[in-house]
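Colleague: For the record, the sequence lines run as chains W and B. Note that this note's numbering has the first sequence beginning at 178, numbered continuously upward. Note that this note's numbering has the second sequence beginning at 207, numbered continuously upward.
Think of the hints as simulated: they come from the structure by calculation, not from any bench. Glycine included, C-beta positions come from ideal geometry on N, C-alpha and C.
Beta-carbon label-pair distances, calculated as ranges:
| # | chain 1 | residue 1 | chain 2 | residue 2 | range |
| --- | --- | --- | --- | --- | --- |
| 1 | B | Arg482 | W | Ala202 | 14 to 22 Å |
| 2 | W | Ser318 | B | Arg482 | 23 to 31 Å |
| 3 | W | Gly221 | B | Ala270 | 49 to 57 Å |
| 4 | W | Asn220 | B | Leu425 | 50 to 58 Å |
| 5 | W | Ser318 | B | Leu474 | 37 to 45 Å |
| 6 | W | Ser318 | B | Leu243 | 25 to 33 Å |
| 7 | W | Asp248 | B | Ala466 | 27 to 35 Å |
| 8 | W | Ala487 | B | Glu395 | 42 to 50 Å |
| 9 | W | Asp440 | B | Arg482 | 38 to 46 Å |
What the simulated footprint calls covered on chain B by chain W, stretch by stretch (three residues with Cβ under 8 Å from a Cβ of chain W suffice, anywhere in the stretch; the number is not a length):
| # | segment |
| --- | --- |
| 10 | 229–236 |
| 11 | 243–254 |
| 12 | 317–328 |
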Amino acid sequence: MPAADEWAILAEGLVKRFGAVQALAGVDLRVPTGTVLGLLGPNGAGKTTAVRILATLLRPDAGTVRVTGLDAVRHPAAVRRVIGLSGQFAAIDAYLTGRENLTMVGRLSGLGRGGARRRAGELLEVFELTAAADRLAGGYSGGMRRRLDVAASLVSSPPVLFLDEPTTGLDPRGRAGLWQIVNGLTAQGCTVLLTTQYLEEADQLADAIVVMDSGRVIAAGTADQLKARVGGDRLELRATPDSDPAALVAVVADLGSGPPTVDGDSGTVLLPVADGPHVLAQALARVAAAELHLTNVALRRPSLDDVFLALTEADTDHAEAVESR
Amino acid sequence: MTVTTPSLHLDQDASTAAMTGLRCLASDVVVITGRNLRRLVRVPTLLAFATVQPVLFVLLWTYAFGGAVSPPGVEHYVDYLLPGIFVLAIAFGASQTGVAIADDLATGMIDRFRALPMSRSAVLAGRTLADAVRNLFVLLLMTGVGAAIGFRFHAGVPEAAAAIGLALLVGVAFSWINALLGLLVRDAESAGLAGLLPVIVLVFTSSTFVPVATMPDWLQAFANVNPVTATVDALRALTLGGPTSEPVWPALAWITALLAITVPAAVLRYRRTTAR
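Full structure from sequences and hints, please.
Modeller: Written out as C-alpha cells, the structure is:
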C-alpha cells in the first residue's frame, strides 16, 4: 500500500447530509497517483456529491479529503490549482465560441492571454473541434458540447482530473476517443476519478472500481476482483429443445462450485464453476458418455453488469432486512 | 477523435503561482466582464431589451404624463422625468443579472468557475461591471433621446458627469441585489420576477414620476424614506441645478449601505453554492 503522500486522492469518512437525505454516510476513497478510479453506482448513490466534495465545491459534514496531499477542506484554493472538473452537465457558455470558452477558462486558470490562446488551440485540435472552434457553442451537437466540456477541464493541465459521467451523450466513436484520451493522460502521470453508469467504461478504463449505493461504498477492487466476488466462471449448457434439462443437470451437478440452476425459458443449465476450462472438459466428456445432445456450450466470466446487479440487489435486500427488524 | 493526447505540463505551475491577490482579482474580473459583454451583444433579445425598453420608457412617460403633470420648478416634464427614468431603466435592466446568475447556476457554469483557481468574487464582480458598461450605454442613449424631445442638463458639465456617475453607482447596487437574488432563488424565471417586483413597488412609491408632495400623507411618509426617492432626488439636483450636497449624501449613504450588505452576502452565498 502506498504511503499517505503517494495517494493523489485520499478521502476518509466522508459524510454529507442535505436536509433529510443522507447523501454520503461515511465514504472512503483512495486513488494512487497515475491511476484511474471508476466510481460506479445507480442514480442517487452519492457519486456526484462525492465528486463535488473532492473538487472543493461542497464541504463535507464530516471526514477528511486530501488531493495530492493538500487538505481540500482547509485549503480549497490550493486544491483548485491541481484539479480539473468536468461536471455532470456540459458547463459551457452557449454564447461564446468553442475557442472563447477554452480561452476564458485558461485565463481564469492564470495562463495569461497568449498561453490561454495556445492551450485552447491545442485542445480544440485534440478533441476534433477545430472546424467548429469559431462557432457559438450553443449550436454544437450534444457530443461536441461534451467534448468541449471535457477539454475545458484539461486547460490547466491538472494532475488530478474529476470526470462526472464524462461520456453521457457521446456516440460510440466519441466515447472510444475519450477513453483513448483518458488512457493517454494517465500514461503522463495524471490521476483520474470518473463516475459512470456504464460498466463497460469502468471495465475499460479504471485500474480500480468503487461501487457506491445509498451513500456508502458497497464494494471496491479491480474489475477482476469484483467479478470474482460474485463467483467464478459460469458454465452454460443448452440441451436440444425436446430433451429434459433435468437429465443434463443430473450429469453435471457435482462438478460445480455451487448448485446448478435452470433458466426456465431456454432450458439452459447454468453451473457456477471454480476451475472453468477443466470443468468444461469434464462436463463435455460426461455429456458425450450419457449420449445427451447440446445446442450450445459457453464458459462465461460474470460481466460487471452481473456484479453491479448482484451487489446493489444484495444491498437492497440488506437494507430491507434492516428496516423490517 | 484523434489518437493524440493533450499534453500535460505537470511541473509548469509558475504562471499560476505568480498571479496573486489583487492582480488575480482584476484579471479575472476583466475576463468575466468580457464574457458578459459578449453575451449582451450576441443575444438579440437582450440587446433589444437593453436599448428599446429605456427609449420606450422615456417616450411613453414623457408623452403620457407630460400633459397632466407639471411639477413645480421645471419648464418641461422631461427635465423632471428623465432622472427618474434613469433609475427605472437601470433597475429593470438589473433583473437580467439575477436571471443570468440563476442560469449560470443551473447550467453548471458556476460549478466550473468555482473549481478554477480564480478569485472568489470575480464572477459576481465581473457581472456587475458588465452591467455598468451596459448602463453607461443605456444612460447615454436615454440622454440622447431625451435631448431630442427637450431634455437639458441645466447645472453644468461637472454636475452632468456626476449625475451619470451616480446613476451608474445606483446600477451597481441594483446589480448586486439581483446577483444575490439569483443565487438565492436559483430558478431563472423566478429570479427575474423577484428582481422586478420590489422595483415596481419602490419606483411608483417614490418621486420618480410625480412630486412626493402630491401623494396622500401615509404614502408621503413611505416615499420620503424610499431609497429610490433619495437617488432620484439626488440625480434631479445634479441635472436641474440648485443645491446638490443635501440630496446627494443620502443617496450615497443608501448605495453604500446596500452594497455593504449585498456584496458580502452574495459572495458568501456564491462560495457555498452548487448546481442541483
